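Chemist: As given, the protein sequences belong to chains A and B, one line each in that order. Under this note's numbering, the first residue of the first sequence is numbered 1, with each subsequent residue one higher. Under this note's numbering, the first residue of the second sequence is numbered 1, with each subsequent residue one higher.
If you are wondering where the hints come from, they were derived from the structure by calculation, not from laboratory data. Treat the hints loosely; a few may be bogus.
No copy labels: a pair is met if it fits in one copy or bridges any two.
[To be verified] Straight-line alpha carbon distances no greater than 30 angstroms define the calculated BS3-like cross-link-like pairs of lysine-lysine that follow:
(1) Lys31 with Lys407
(2) Lys407 with Lys418
(3) Lys593 with Lys561
(4) Lys418 with Lys245
(5) Lys593 with Lys637
(6) Lys407 with Lys535
(7) Lys561 with Lys418
(8) Lys593 with Lys535
From a predicted model like this one, the values you see are computed outputs, not experimental measurements.
2 protein chains.
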Amino acid sequence: MTDRASPRITVDRILHPASVAVFGASDDRSKWAGRIMYYLALHGYAGEVIPINPRRQIVQGKTCYARIADAPHVDVAIIAIPAPLVPATLRECADAGVGCCLIISSGFAEVGPEGAALQREISELSRRTGMRLVGPNCLGLINVLNGMALTSARVLEVERLHRGRIGFVTQSGAIMLSIFNRAHDVGIGFSHLVSVGNQADLDLADFFEHMIDDPATAVICLHVEGLRDGRRFLDLIRRARRAGKPVIALKTGRSELGEHAARSHTASLAGAYPVFEAACRDAGVVLVDDPDVMVLVANMLARFGAPTEGGIALLSPSGGINGIVADRLADANVPLAVLRPETRQSLCEVMLPTHLDNPVDLGARRQELGETNAVAARAVELVAADPGVNAIVIALTTSPNYEATSKALGAAAVASGKPCFTIITPGSVADGVRAVLREIGCPYGDRIDDGVRMLAAYTRYVPTSRVARAPDAKPGRASLLDLRTGYLTEPDAKALLARYGIPVTRERVVRARDEAVAAAEAIGFPVALKAVTDKVVHKSDAGLVELALADPDALGRAWDKIRRRLAILDPPADTLLVQEMVSGGLELILGAKRDPGFGPVVMIGSGGILVELLRDVQLALAPIDPAEAEALLRGVKAWPLLEGYRGRGRLDIPAVASALSRLSRLAVDLGSRLGEIDVNPLIVRTDGHGVVAADARAVIAPETQDQDL
Amino acid sequence: MTDRASPRITVDRILHPASVAVFGASDDRSKWAGRIMYYLALHGYAGEVIPINPRRQIVQGKTCYARIADAPHVDVAIIAIPAPLVPATLRECADAGVGCCLIISSGFAEVGPEGAALQREISELSRRTGMRLVGPNCLGLINVLNGMALTSARVLEVERLHRGRIGFVTQSGAIMLSIFNRAHDVGIGFSHLVSVGNQADLDLADFFEHMIDDPATAVICLHVEGLRDGRRFLDLIRRARRAGKPVIALKTGRSELGEHAARSHTASLAGAYPVFEAACRDAGVVLVDDPDVMVLVANMLARFGAPTEGGIALLSPSGGINGIVADRLADANVPLAVLRPETRQSLCEVMLPTHLDNPVDLGARRQELGETNAVAARAVELVAADPGVNAIVIALTTSPNYEATSKALGAAAVASGKPCFTIITPGSVADGVRAVLREIGCPYGDRIDDGVRMLAAYTRYVPTSRVARAPDAKPGRASLLDLRTGYLTEPDAKALLARYGIPVTRERVVRARDEAVAAAEAIGFPVALKAVTDKVVHKSDAGLVELALADPDALGRAWDKIRRRLAILDPPADTLLVQEMVSGGLELILGAKRDPGFGPVVMIGSGGILVELLRDVQLALAPIDPAEAEALLRGVKAWPLLEGYRGRGRLDIPAVASALSRLSRLAVDLGSRLGEIDVNPLIVRTDGHGVVAADARAVIAPETQDQDL
């Protein structure tokens, strides 16, 4: 039995209700509910609109009901009464068989313990009755397709809603409205926009899921503050991927302070960003850092689909602007296309022979052709035809016939069929140009920065990813159930690694000095001698490690020294570890941990001093195969050292990839028992000579029922 | 004798001419010159306007002259005729005693060799006659203070020009116009805006210099493509610094591609950005990467002066927006203020006790006070009073009484007297809000990104710098004149370092095997043995270095080996170097070179493998004193290692600083003979144990007359 009743109404029905009830309905458009009713009429919502107000008979020409119980059947009711009155009204709605209540009211979990109690009360009511809730503390939703704007904001005061194929879900009502307004201004349309607020019942994932299945939505934008259920989110981004729908996500709480702001706002914990980032990267989600860029990227994906391989072609009548944009693109790692010889040849038709490079300075047209727009447009056409050009960017500065010039250039870009974008550098003087570009359907941005950041995100979108192969992340080996819970000492941790075929140092646990000497002779001098203790984490710093012991005498002296230190630091500890000396090679750090939201993750980074200097760590959700491990490894800053830096030999990259892949399998197999595993350092030898885990530790969590995360 | 005639007219007079002649004058405002005349009248230029046109008697109510020779005295003439006709017209102007010609015409150096010849011709004419030129290939200039807009662009089609204290100079006319228009839209005014184009005579530095002395200009914005004379630019940024005028610079050509774009546009070479950056940092110049941000920062500096120590206070009615902005500020290293206990205490007056943190979620006001604007404004006032808050940022989302709310919040911020800025998150729905903010004088931006990048640049401006002390950069030691020109071998380079007190390894140049053994015994085994050659740069890779030779036998074998290799690689070389072994310690790289624009610079960075992995190098203009050297060193990524990383001992930072400062003095003293010097590695030992240059090389340039750069 689940603790959530089956929904009486689907998300699809909530977005396409047959009837909408408006509580507190009014003829006065300066009132909240007056505006809601007005916007429903204005934008042509064809369902039934049912005003609820005990003091009215007719509102905006519609029969008004005193109580919801008197009204005809209601799919969705919208409510913005003071928080303490909400539960009673919801009970009336549930009794009346309302499918879903959309609660604008604030004063719930976001304002402290009292509000949180109120929110628990309505969540419970929803679970018990099956009546769905959106909100509280949201600003409603907008279904552009059926003209149903369930929000009272003035941004709806427009002649018509632009239809589009972009779906947008956010926790923040303010962001929904800002985004809607900005997008409207530049002619970008949506299918649906939803603000989910405190998510007392329906949450971001529920609407996200609907949009994956919704044929009217081609691109999905998510603004995520906290994630309630990382696993479900992960499943959904993978489903979206398999469905071929690009997802663009803006995550708040990337920084500690942003995280704090998210917490105080949504009363939900923001997850750890790097894991979120790794999950998104694996599933091909485009991550952005602000809502303006999110919408611009979504529009490019909806309009032009995925970008192809290649580089940007940048054209402007101003070489000065070209220089600035080219610098910014370089900063953002967005490559400019190198024009092919044939393109340069054909460009000679319209450009001075000294000016055949990308970025293209349209000011350097052949003067004998006249400064006509047709000549400039021809340059755009020729450059766009270069197969190495994957997008055309035009930076429009003021010019005498600004609208006509912009129209000619924009139309040539649009006609090429390639993704195109226009950066408008001046302000209001270009308002006519903006209108022209909207008319011809050429996307634009009002900042150099809009263009650069949009391109950085858009060109990062790749239409294939490892998700297609849907790695199996179910725990395997029952044999791991013998592991003891808690901190594993170095030899135990290494034994666990060795079970998965990860090479570890030859070593032996010993209890007495002569046993140590015998072990060293078996392993071969020189050796290292280490204390075995779960009390001291940094054993070297504590004087519990002696290295490069060349003979039995040195070993004996080291034995005495470590025993003395150990007697102080961990008196019950009675074993030491004799270990082969490994030296040289590159040091990496490998690790695994269980993220509370996303399950097992592995990490790899530079070891030794580099790890803390550079914070040079790459993460991936486990499991990963060796090829994926190698791809991850390429992101580590020490990669050039692995490839063979300045004439030094190539190191054993396949062995590193294998070890990381094996560790990821171990992490999955440990299931909920995975606390964390660190291999530091993993020594990487030259090609063909493998790797060896020189030190390791692990924490094993207690068994829980939750075996499959 | 200088090759430039004394100017007959100053830059000040060019900006404040008594008379302006317009070539090709017309009554038709659709024509270029018709608009120029119209704008001069529209914006109230009070000087004489003199139309020149052989086919007219009267233009726009003014007596028109057929030829410049017939006209009364002209301070500034503006010309936009085809390039090939320009020289003849300029000759007429010079003959008529015109003070300065402003040449809009393009088709000069920016379009290739033919245009370059034309440009040389007019430069020569200017030098010969003393008639000053602005342009060609510019879009004119605007002096807001006397209403003299010498540009034909439609951006002048405004009721009035906003007066301000920001001066702006750029090579690019398009950028001047775009910036003017954007700034006008948000109510930001200028003193002067100048586009200098190809700089055939007057250049960016000339107008920059004028603005430093101009009492009407408080903040100077420069968009720099190529720099003609780095030394003059350096002198000017230092002069501006001493005059207390903030300078904000946008440099094109930071990236290779931007550099390319700049070159093709301005026909002048872009300098190497890192040296430019170091020079600007030293002189307190704020570097930005796009023109929109430049103007926003300039406005903050003109309006509020330099920022004080502290952090940003961020307030918004939307916690969602707060989260996004807080993340972006963290990415940009702009600190948020931590509110003092007293501020939190006083905030309780209006905010819920759970919501007393920065960023402040204005949605969490105490509900019993009502959602009035006065309550929200009180929160702004209380937060602004916190002494740790150095700027107030308000992110305005849509709200029912949007203008009134925005006015209340903005006015409270302005009234606090602290720097303040408003981020407007929606689009056109906020147009009324924009008008309100302009009215109350609260700066605003239309993107989250505008605010974040403005704050990152503004808060980086520090009102003091090392320029105040004006280091003496004149070469000193005549004794360096004995140096031979060309590549210095390791022992010669080290001898040069040693003259300046930079510690080098104990070593001796030897010619025979027994001499080597004697040297090694004097130095003390173990030693290193290296070939002395100027033919092989990477001696280790070539097998010309043997390390850790423990005794005479080992030394003897190494001798034979190196002699054999040397006989192949550099047969004439007949000396080897016996050197003390230095090991352990941290490796840094030190260097000096002569920048063609800015003179001697020094660099310091991580050595060993880190140098190429991280490209971790910090630059400064020489000379620097030890304190400045230490400040530079803090910017090196390896700094934590020097400070004593993870319990390891602190290294000898004063010795590094001393060595770098000494190297900078050597670089200055070498004057034009400085080619480059590399010390790699400099071995840094633990505190008190000094540093030692383990390897070094140098290139000494031939003597030239130019001794003082």
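Chemist: Give a verdict on every hint.
Modeler: How the hints compare with the structure:
Taking the shortest Cα distances, Lys31 and Lys407 sit within 30 angstroms of each other only across copies (21 angstroms), while inside one copy they are farther apart (43 angstroms). When the C-alpha separation of Lys407 and Lys418 is checked against a cutoff of 30 angstroms, the pair qualifies only within one copy, where the shortest distance is 17 angstroms, while the shortest distance between copies is 45 angstroms. In the homo-oligomer, the alpha carbons of Lys593 and Lys561 never lie at most 30 angstroms apart, since the shortest distance is 35 angstroms inside one protomer and 52 angstroms across protomers. With identical chains, the CA atoms of Lys418 and Lys245 are at most 30 angstroms apart within one copy only, with a shortest distance of 20 angstroms there and 47 angstroms across copies.
In this assembly of identical chains, Lys593 and Lys637 lie within 30 angstroms of each other by CA distance both inside one copy and across copies; the values are 21 angstroms within and 28 angstroms between. Taking identical chains as interchangeable, the C-alpha atoms of Lys407 and Lys535 are never at most 30 angstroms apart, the minima being 73 angstroms within one chain and 61 angstroms between chains. In this homomeric assembly, Lys561 and Lys418 never come within 30 angstroms of each other (Cα to Cα): the closest approach is 72 angstroms inside a single copy and 63 angstroms across copies. Taking the closest pair of Cα atoms, Lys593 and Lys535 come within 30 angstroms of each other only inside a single copy of the chain (21 angstroms); across copies the shortest separation is 53 angstroms, beyond that limit.
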